[in-house]
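In the numbering used here, each residue carries its 1-based index in the sequence shown increased by 5.
Read the hints as simulated data drawn from the structure, not as lab findings. The structure displayed is predicted, hence computed values, not measured ones. The beta-carbon is built from N, C-alpha and C at its ideal position, and this holds for glycine as well. Heads up, some of the hints might be wrong.
Quick list of the computed label-pair ranges, beta carbon to beta carbon [said to hold, decoys possible]:
| no. | residue 1 | residue 2 | range |
| --- | --- | --- | --- |
| 1 | E130 | G209 | 38 to 48 Å |
| 2 | R76 | V363 | 41 to 51 Å |
| 3 | A43 | I92 | 39 to 49 Å |
| 4 | A386 | R76 | 16 to 26 Å |
| 5 | G104 | R14 | 11 to 21 Å |
Below, computed lysine to any residue pairings styled on SDA-like, alpha-carbon distance capped at 25 Å [stated by the list, open to error]:
| no. | residue 1 | residue 2 |
| --- | --- | --- |
| 6 | K333 | A202 |
| 7 | K333 | G184 |
| 8 | K333 | F388 |
| 9 | K333 | L249 |
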Amino acid sequence: MSSEDPYIRRRTIAAALAGFCAFLSFYAPQPLLPLLAAEFRTSVAAISLVITASTLAVAGVAPLAGMLADRWGRKHVIVPSALLLAIPSALAASSHTVGQLIFWRFLVGVFTPGVSVVISAYINEEWQEGVGSALGAYVAGTVLGGFSGRFLAGLIAGRFSWRTALLSLAILNAAGGLGVWLWLPQGRRFRRELSGAATLQAMGRHLKNPRLAATYSVGFCVLFSMLATFTYVNFYLAAPPFGLSTAALGTLFVVYLAGAAATLVAGRWIDRRGHRFVLVIAFSGSIAGILLTLVPSLPLILVGLALCCTGVFAAQSASTGYIGIVAKDARAAAVGLYVMFYYIGGSFGAAVPGRFWVQGGWPACVALIAGVQVLIIVLAALFWQPGKRGTAFPQAVE
Numbered sequence: 006m007s008s009e010d011p012y013i014r015r016r017t018i019a020a021a022l023a024g025f026c027a028f029l030s031f032y033a034p035q036p037l038l039p040l041l042a043a044e045f046r047t048s049v050a051a052i053s054l055v056i057t058a059s060t061l062a063v064a065g066v067a068p069l070a071g072m073l074a075d076r077w078g079r080k081h082v083i084v085p086s087a088l089l090l091a092i093p094s095a096l097a098a099s100s101h102t103v104g105q106l107i108f109w110r111f112l113v114g115v116f117t118p119g120v121s122v123v124i125s126a127y128i129n130e131e132w133q134e135g136v137g138s139a140l141g142a143y144v145a146g147t148v149l150g151g152f153s154g155r156f157l158a159g160l161i162a163g164r165f166s167w168r169t170a171l172l173s174l175a176i177l178n179a180a181g182g183l184g185v186w187l188w189l190p191q192g193r194r195f196r197r198e199l200s201g202a203a204t205l206q207a208m209g210r211h212l213k214n215p216r217l218a219a220t221y222s223v224g225f226c227v228l229f230s231m232l233a234t235f236t237y238v239n240f241y242l243a244a245p246p247f248g249l250s251t252a253a254l255g256t257l258f259v260v261y262l263a264g265a266a267a268t269l270v271a272g273r274w275i276d277r278r279g280h281r282f283v284l285v286i287a288f289s290g291s292i293a294g295i296l297l298t299l300v301p302s303l304p305l306i307l308v309g310l311a312l313c314c315t316g317v318f319a320a321q322s323a324s325t326g327y328i329g330i331v332a333k334d335a336r337a338a339a340v341g342l343y344v345m346f347y348y349i350g351g352s353f354g355a356a357v358p359g360r361f362w363v364q365g366g367w368p369a370c371v372a373l374i375a376g377v378q379v380l381i382i383v384l385a386a387l388f389w390q391p392g393k394r395g396t397a398f399p400q401a402v403e
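Starting from the given sequences, assemble the full structure and let the hints guide the process.
Now the structure itself:
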């Protein structure tokens with residue numbers, strides 16, 4: 006056992022580092038959006054495409070990344086993706102038009118699934134014991150990466166410039182990618198799975214399953230509400246009467262740490278009370294949180310955002326775990342579909358509220374977000390059934 010300890014520690018650190026790299030730059034522009042809108046003299050709806058481009062790319066590439074990893078091996082997809090992430094992340098800092106920035110951000114989304122989707126399969130294959138600890142390390146890495154990217158982007162942009170912020174994060178991405186390359190062992194238990202045609206057939210079966218289709222709709226709504234909240238709240242708090250700086254907006258994302266803690270509690274409650282119960286309670290709290298942001302008090306808004314984060318993270322644990330119950334075969338294909346719908350929802354969540362913002366500002370966005378979260382509760386109540394906990398397929402809310 007002791008001879009295996011360095012190997013186990015190394016691959017666990019590598020899994021956490023992979024999660025960190027995948028989301029370090031992915032949402033980093035969120036606290037910069039008001040600054041970018043002013044820099045490029047464009048509208049709120051137009052600058053939100055900087056986020057939409059990345060999530061839409063992930064939605065399209067995620068199933069392909071899974072199929073490539075099934076044929077080539079996990080590490081052969083994870084490592085190149087982790088290293089290549091740094092290139093468009095750095096080139097985004099050289100953008101002179103909104104179109105250029107959106108293009109580079111799209112490429113960030115193209116390379117992200119090669120890490121975020123495939124590492125889950127790697128962990129489930131390679132760990133005979135301690136899978137929970139490895140998954141916990143990976144999820145912790147994704148949360149820390151997502152928080153660090155937003156926090157550092159706001160901090161560096163406030164002191165220097167948004168270009169310096171994006172370039173600095175790209176350098177960190179490159180260093181992290183090298184760490185994954187050096188420390189992630191080659192898979193010992195990998196075997197080729199379904200062919201491309203068989204995978205597509207399995208996806209067709211999953212889409213015809215009403216309970217899985219409802220779960221995919223839940224995933225769509227989960228990231229929709231998360232990105233709608235944490236994209237447009239920046240514009241709300243950057244304007245009077247709050248007038249928060251770019252650096253201050255970056256610190257808002259400390260509420261993500263509350264969401265990370267919620268995933269641990271949610272797992273225990275899912276074991277005791279079931280997935281549907283946890284999701285309904287989680288989004289009831291999230292609805293209360295988003296409504297609380299309408300109170301013109303910064304401390305109460307922060308509490309509301311923490312409730313939103315906590316609810317969404319807990320609901321994500323419930324929805325991804327439920328796939329393991331409903332999908333009786335071809336579970337990797339089932340997860341691939343979930344990831345696709347999840348990020349399509351995020352793409353809509355980053356773009357659609359822009360129209361509501363133009364018409365009614367933050368209150369209109371809140372009405373939209375609360376309505377979507379009510380829809381999630383209705384879907385779970387109608388289509389989900391109580392059941393035992395399924396196989397873990399972690400997908401971070403990022």
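Against the structure, the hints:
Evaluation of the 38 to 48 Å hint for E130 and G209 yields a failure: the beta carbon distance comes to about 25 Å. In this structure the supplied range 41 to 51 Å holds for R76 paired with V363, their Cβ-Cβ distance being about 46 Å. Range check, A43 to I92: about 27 Å between beta-carbon atoms, so the 39 to 49 Å window is missed. Remark: the range hint 16 to 26 Å for A386 to R76 is contradicted by a beta-carbon distance near 40 Å.
A beta carbon spacing of about 45 Å between G104 and R14 contradicts the range 11 to 21 Å that was offered as a hint. The suggested pairing of K333 with A202 holds, with an alpha-carbon distance near 19 Å, which does not exceed 25 Å. Of the pairs offered as hints, the one joining K333 and G184 is violated, with about 36 Å between alpha carbons and a cut-off of 25 Å exceeded. At most 25 Å may separate the alpha-carbon atoms for a hinted pair to count; K333 and F388 meet this at roughly 17 Å.
For the suggested pair K333 and L249, the alpha carbons sit about 49 Å apart, so the restraint of at most 25 Å is broken.
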